[in-house]
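Residues per chain, in single letters:
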Amino acid sequence: MNLSLLILLPLLTALLILLSKNLAQIRVIGLAGSLAQLGAAGWLLKLFMDQRAAGNTATYLFETNTVWFKALNINYHIGIDGIALAMILLSALVVVAGILVSWTMEKLSKEYFFLLVLLSMGAYGFFISLDLFTLFFFLEVAVIPKFLLIGIWGSGKKENSAMKLALMLMAGSALVFVGLMGIYYNTHSFDMVQIGQMGISLGVQKFFFPFLFLGFGIFAALFPFHTWVPDGHASAPTAASMFLAGISMKLGGYGCLRMAALMPDAAHSYSWIIILLATIAIIYGAFATMMQTDLKYINAYSSISHCGFVILGIGMLNKTSINGAVIQMVSHGLMTALFFAAIGMIYSRTHTRMVAQLGGLLKVMPFISTVFVIAGLCSLGLPGFSGFVAEMTVFMGAWQNPDGVYRIATVISAASIVVTAVYILRATGKTIMGPISDEHALLGDATWNEKFAAGLLIVGILIIGLAPFLINQLIMPATDFLMINIDKAITLK
Amino acid sequence: MNEVPLTHILFVSTALFFIGMYGLFTRRNLITMLMSIELMLNSVNINFVAFNKYLFPDKLDGLFFSLFIITIAAAEAAVAIAIIINLYRSHQSIDVDDATEMKF
Amino acid sequence: MSNYLYILWIPLLPLATFVLLGLFGRKYFAKTAGIIGTASLLTSTLLSFVAAKQYFFEDGKVNGVYQKIIALKYTWLQFSPNVSIDMGIIVDPISVMMLIVVTSVSLMVHLFSLGYMKGEERFATYYAFLSLFTFSMLGLILSVNIFQVYMFWELVGVSSFLLIGYYFNKPSAVAASKKAFIVTRFADLGFLIGILIMGFYGGTLDIGLLIEKLTSAQSPEFLSITSASFLGASMLTWGLTLIFMGGAGKSAMFPLHIWLPDAMEGPTPVSALIHAATMVVAGVYLVARLFPVFSMDEAALTIVTYVGAFSALLAAVIACTQTDIKRVLAYSTMSQIGYMMFALGISKNGGEAGLGYMASMFHLFTHAFFKSLLFLGAGSVIHMVHSNEMKDMGGLRKLMPITHASFLIACLAIAGIPPFAGFFSKEEILTAAFHENKLIYGVALFTAALTSFYMFRLYFNIFWSKDAVAKAHHNDGHDDAHAHDKESHGEGTLTMKLTLLILTACAIGVGFVPFSQFITSDGLALETHIDLVFSIAPVALSIIAILLSASFYKTQNTKSDKAVALFGGFYSAAYKKFYVDELYLFITKKIVFPLIGQPIAWADRNIVDGFMLLLANTTEKISAAIKGLQSGKVQNYALYFFGGVIALSILFIYIWK
Amino acid sequence: MLSNIFILLRQELILSLLIFLLLFIKIGKERSNETVLNLINILLFVNLAAGLFGMSEGVAFNGMFTTNAFIVLEKNILNLAILLISMQSYAWLKHHKQVAEFYLLIFTSLLGMFFMISSGNLLMFYLGLEMSTIPLAAAANFDLAKRKSSEAAMKLILSSAFSSGILLMGISFLYGTSGTLSFDVLTAHIGNDPMQLFAFILLVSGFAFKISAVPFHLWTADVYEGSPVAVTAFLSVVSKAAVLFTFTSILYKVFTPIATVWYGVLVLLSVATILIGNLFAIRQDNFKRFLAFSSIAQVGFILIGISGSSQSGSASLVYFVLIYVFSNLAAFGVVTVVSALTGKENISDFKGFYKTNPFLSWVLTIALFSLAGVPPTAGFFGKLFLMMAGAAKENYGLITFAALNMVISFFYYLKVVKAIFMEENEQPIQKLSVPGITKLAMYICIAGIIITGLASMVYDYIYSLSIGL
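Residue numbers (my numbering), protein chains in the order written: chain B, 1 to 493; chain Z, 494 to 597; chain W, 598 to 1254; chain A, 1255 to 1723.
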């Protein structure tokens, strides 16, 4: 299967949306497109598994490498390994859900759906590209739609949030760019595979790794550069928040992972800083969440905490922890998307997101409440849901590092699960349980599209949560390959 | 007769150049400013001629260049004066400080 | 080694029920949910009895030793080549015993709830949750992998959370459920880290392997874990203590017990199932499961012992002062679990010295029955009186004879009066304590006396004391059976009565089970005998205590008030549960939230985010500051131009080279 | 020989013909503006088309005039820009009295630029430069009635005269030290002696003035603001581009021996230019002024690209200019239409613009994104390739600085987008009827913005023609 399909499908959808007339057409086209996308992803998974089963042990499958800018040795080089595929599946799921929850978007619906689809295209392109320039290209493609989505359809002080988000992400990609230049002029190539084979000299790694890691880290809400997350998520319309947390933040994590694999020596020697920042992010995010009163802020801050686990897993630089990081990315993507979907459903009915003003919703909207509770339980790492698998894998991996500092970092991060329980239960207890206020007493439950969206995400969560060996089997070979370089680097020390 | 050394002439032209520049910086009257610019151009002319005469007498590049400069200076002056007249129409003055609407 | 795979169905059936009722319950099974749940659970129960029969009487024993049989094992999540989470089924004496306990008590509760919860709006949901809990509990006891234990551990916790918060629009219930979950969650953090330690040094998460590796004193794993130490204690101690912390959380050991009394906000049958018979003993079960490893580390066992003993005593004291009957029962539960704990703590692994282990399991077994009986009895009382408070009760013996009788028997059982179940198990514990540690023995004896005192205080207050005033209706917030007011008075429905009777039978009967034949620390049968001389002291004490409480509470009089006055401050402290709750509140409300949470939230907005804003603002300020450069005067422009020329010339003609 | 000249000077000759044609039109009988404009646009298209065919390479007027494929390409880009500008200023010129004069001035200036670009000799270069500047000063004053217009013209003519004085001084010193005016001879005489360095710096200042690099930029904003939008567009795109082409070729061809020096100069200038341009652009409200400063910042990036002094350096320059033509003209096109039909030129007037004019809003937005360098627009590639070329010198401090400044530039471009899409306005610009031909021009621009970037053959083609140091 030609991976370019993953880019062409959204493109086609976008064009059709531009041509279509009214909301009815637009959303149908959008849904059809996203479903086609999901189908393609699923089909890809099947093919991928067949290939692996057939004993194809190549690192990247379905590779195509065509020259793009010959003069500058820039190639359109695409291919996927298990990790990328997992990300693609995640994106496909979230996109369908996102389209579904914005089913009744009246305001400028054409532009809205167009931008959503464009954003998803950026994500797909990012995950499939093996050429650093292409990677960077798609990374930035995904930024501007966010700005418009938040700024136009958002709520609250949306302009500021949109601006803050766009600028911080752009700063991130600026750093990434500098790093890319460094790599390019020292290896004369953008091709990740080539570079991985020939390796990068230690000095270069040491100098440019911070640029790249920090750059991608900003996308993944790395500790001091996470402030775009709360405002951005809180102001964004539901679907946009889902995409932001579900897909965009994963671009960062994925990038960090790739960079760590690309310059393992630097990653190894900087790992303590990475771990420090990650630990801070985890515990700090958790405590900050505890103090929030706005449901979206709660989820946004908890995202900071959860993405900390991704960074932590990467920083620990061993097989298990990196597996954990990847699973956590997928899990967090699904879970936050679900959470934001639930919040959006509640908000669209009660027109408030303030925990204090809600209560007893379980009485009037059992389905939505159940979704909310499930998302909550997943985020506090309950067995049976994806969150548990991811976090436990990260912990197991992190613990394999007998160094005292790392141990302490692990324990602190583990402690965050208690804080998580606190804020999740507070939110649930106040909004879902307790006495219901009178003006909410007559509200209705979820509509079919919302049910479908939530169901889709829940299924994803459950698959990972109940049968983690499946996703493990998918990403394990990929991590194995990443570990080859990393182990080499570590043993050199 | 002992001829004047090049340096003297260069000194004169440089002096002229900076006199013109000084005029441009200090005078408020647009016409005068234009004239000081002409001074600068003329100092350049002197340079060219002098260089040609003293250093490279076999070719006439410098002379031609100065000729062209004179011509173009004339054209420039023409346009400039036209503009200044138009400015006077709209501003009722040719004081440079009156034409500072657009700033910052 | 025959096939035990069918045991898989025992947990799976409740799971299926849960899924069925959870998804479609409120639509299609609003009425029939109870029947479905009970039926499926009945099947599981029968299956577990079959399993017990097969294991204990047919092929569990291989030359006199009960084997650990791994009936099923499936790798669920591979971390690294030899570290993985496996899902599986272990069949050994304690797991089979627990199967019996959990399924039968759960069955009783299902049965009882048929009447008790009749007409509830979320009837189906209730049964779905019950099934979920049963499933998780069964999964827990069948675990082959310490991480599997942890997972079901969490699931048990969450289903308990759901059931406590069943009356979700009742703030107190919500608060209680939150409290229960968070406190146990905190304990589980310890459990998790303990698992990480064990897994790292033991090199495996499989319980069998772990025990194997860590019990042979010269295995490399054992050496590494004992040699590595942190803050003076060896990693083994740390690991075990942390795991025990998890157990203590679930089993409401001091100081993690605060959630248990509040948990009584849930429907009474739920309290009977979760907070009396099954979930709360999970901690004991966990320690028993890892007992061989515990027995390798004196320090950890000592901790277990003293925590258990202290909790037993503390709970007993508090129980004497409480007036909410369910809370009294809750504290008695805590006290009894304390018993089991220290019995484990003082035990050795194997042989005669392993008596404590056997006793503890035995007590767990008997306690499950009489305690659930007590709760269900209390349930039907509440069902009748619509209140939990003693002051609303009294003289009920004529109104509800069956309840009265069964309750009395249960009280005698827990008080350890022969020939009721409690006597035998408690006797074993005391014997063990007597041999191992006199101090503990003393505490145990005193606690036993207290137990019988407060149990009969409860009994008399409910059934004697004032004359029949039970018609008084108190439809206040306490009432958790408000769904049906008028139609069912008297002793509730047939099923409820039936349940009580069955359990009464158990409370009388189970004591005679030759327990030591089946369950011992090393699987070998253990000869135990009731030594009458030895039994005199505890029994006598209990009887005295009973008489005392009879004189206090059988009829209304002022003796009790005098006694209260006698104890004075101590009494009020005990009545306030020794201010442990207040302490926790202080820590959370006064320290964690204002001193950690708020500063961080503030710093995030003002310092971290403020820094970004600062960057933006300074940029704008600078741009405003230098706007004079563009003065609008063409002469200045020329001047700057010339300045640029000069600067460049100086820079590149004089400085550069 | 003669025929050879006709081929070499093809584009110049066609342009001169156009100029004469315009004169005849002017002296001929009165015609309606529409016909004249349409005719001119058609002619301009012919001019562009004619330029595209046949790559001629050679030298004429014994070295005074050189041309090759690269130069032809550059001239074609300028032709394209002129065509687009004239198509977009349709709405403005339709009601203007002196249409022909306007085009006369513009064409003359363009002709000057052509000669400047293909000059092989300092004299020819100077002639071309003046020929391109002086008509522009007149054109800047084309809204005769407007105060600002005349002020702008005054500022332009005075400062450009001053700058040409400085430039000439430099040229004279060069002549004095080398004794020649023709580039290829000159190269041999260039060395590190102070006199020549001084001469060089004077020369550079002259160039820096034309491309408005800091601190020689101060005239830019005022002139852009004052003069008619069409002229502003011409100034900001065409004249800047022409001078940049010349500057690069002179740096690369003539001043090769002192490459290290001019690298330093360029770095210095680019840093100052980017910073000042950004800082001023942040706080502008007048759209033309805003575009002026943003274009200054762009020049800073271009200088970085040039400083790479490699084949990809000059290639990325031309590539960027091509993209810049599309994006900047798209932006100016919208501004032209709006100011011509409503007289509004402030960013704050564009609040809520999207509600009334979605098409124009999208054109403007895409243009701004391209200017900001957001994928998938071409601006992204243009800017990136410039920086890549600059990075070849492995001066990562400079690259980091530039990259971070891109963020600042994002801020002000997005501010405009914000105004268009997100902010409310009590009296928004009413629905505008855009002339078909202008619409066409905008479509061309948008197509250019999308295609030029993604279709790599464009860059590869330019690269194949361009030459390095």
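Hints are computed from structural coordinates only; laboratory data are not their basis. The structure displayed is predicted, hence computed values, not measured ones. Watch out, some of these pointers could steer you wrong.
[Unchecked claim] Under 10 Å between C-beta atoms, here's a sample of chain A residues computed to sit facing chain W:
#1 1509
#2 1597
#3 1721
[Stated by the list, open to error] Cross-link-like lysine to aspartate or glutamate pairs, in silico, EDC-like; alpha carbons within 16 Å at most:
#4 W:1224 with Z:531
#5 B:157 with A:1311
#6 B:70 with A:1678
#7 A:1400 with Z:496
#8 W:624 with B:106
#9 B:363 with W:718
#10 B:21 with B:106
#11 A:1402 with Z:594
#12 B:157 with A:1539
#13 B:107 with A:1539
#14 W:1230 with Z:551
#15 A:1609 with B:106
#16 W:1230 with Z:496
#17 A:1400 with Z:591
#18 Z:596 with A:1677
The C-beta atom is built at its ideal place from N, Cα and C for all residues, glycine as well.
Fill in: Interface hint outcome for residue 1721 of chain A [beta carbon to chain W under 10 Å]
Result: violated, 26 Å to nearest chain W Cβ.
Decide if the proposed pair is consistent with the structure: residue 1400 of chain A and residue 496 of chain Z, CA atoms, cutoff 16 Å inclusive. Not satisfied, since the Cα-Cα distance of roughly 55 Å exceeds 16 Å.
- Item | Pairwise hint evaluation, residue 594 of chain Z against residue 1402 of chain A, where the allowed Cα distance is 16 Å at most | The hint holds at about 7 Å.
Please verify whether residue 624 of chain W and residue 106 of chain B have alpha carbons no more than 16 Å apart. violated, 33 Å
*Between residue 157 of chain B and residue 1539 of chain A, does the CA-CA distance stay at or below 16 Å?*
Violated. Residue 157 of chain B to residue 1539 of chain A sits at ~22 Å, over the 16 Å cutoff.
* Asked: When you check the alpha-carbon spacing of residue 363 of chain B and residue 718 of chain W, does it fall within 16 Å?
  -> holds, 11 Å
Could you grab the alpha-carbon distance between residue 157 of chain B and residue 1311 of chain A and see if it respects the 16 Å cut-off?
violated, 60 Å
Q. Between residue 107 of chain B and residue 1539 of chain A, is the straight-line Cα distance small enough, at 16 Å or below?
A. Roughly 29 Å separates the two Cα atoms, so the pair is violated.
Note to self: Hint check: residue 1224 of chain W vs residue 531 of chain Z, CA-CA at most 16 Å. Holds or violated?
What the structure shows: It is violated: about 31 Å lies between the C-alpha atoms, which goes past 16 Å.
Inset, instruction - Mind checking the alpha carbons of residue 596 of chain Z and residue 1677 of chain A for me, to see if they're no more than 16 Å apart? - result: With Cα atoms ~27 Å apart, residue 596 of chain Z and residue 1677 of chain A exceed 16 Å; violated.
Worksheet item: Would the stated hint for residue 1509 of chain A survive a check requiring a Cβ distance to chain W of less than 10 Å?
Response: With Cβ-Cβ at 12 Å, over 10 Å, it is violated.
Assess, step by step, whether the Cα of residue 1609 of chain A is no farther than 16 Å from the Cα of residue 106 of chain B, and give holds or violated.
-> With Cα atoms ~15 Å apart, residue 1609 of chain A and residue 106 of chain B stay inside 16 Å; holds.
This entry does not satisfy hints 1, 2, 3, 4, 5, 6, 7, 8, 12, 13, 14, 16, 18, going by the numbered hints stated previously.
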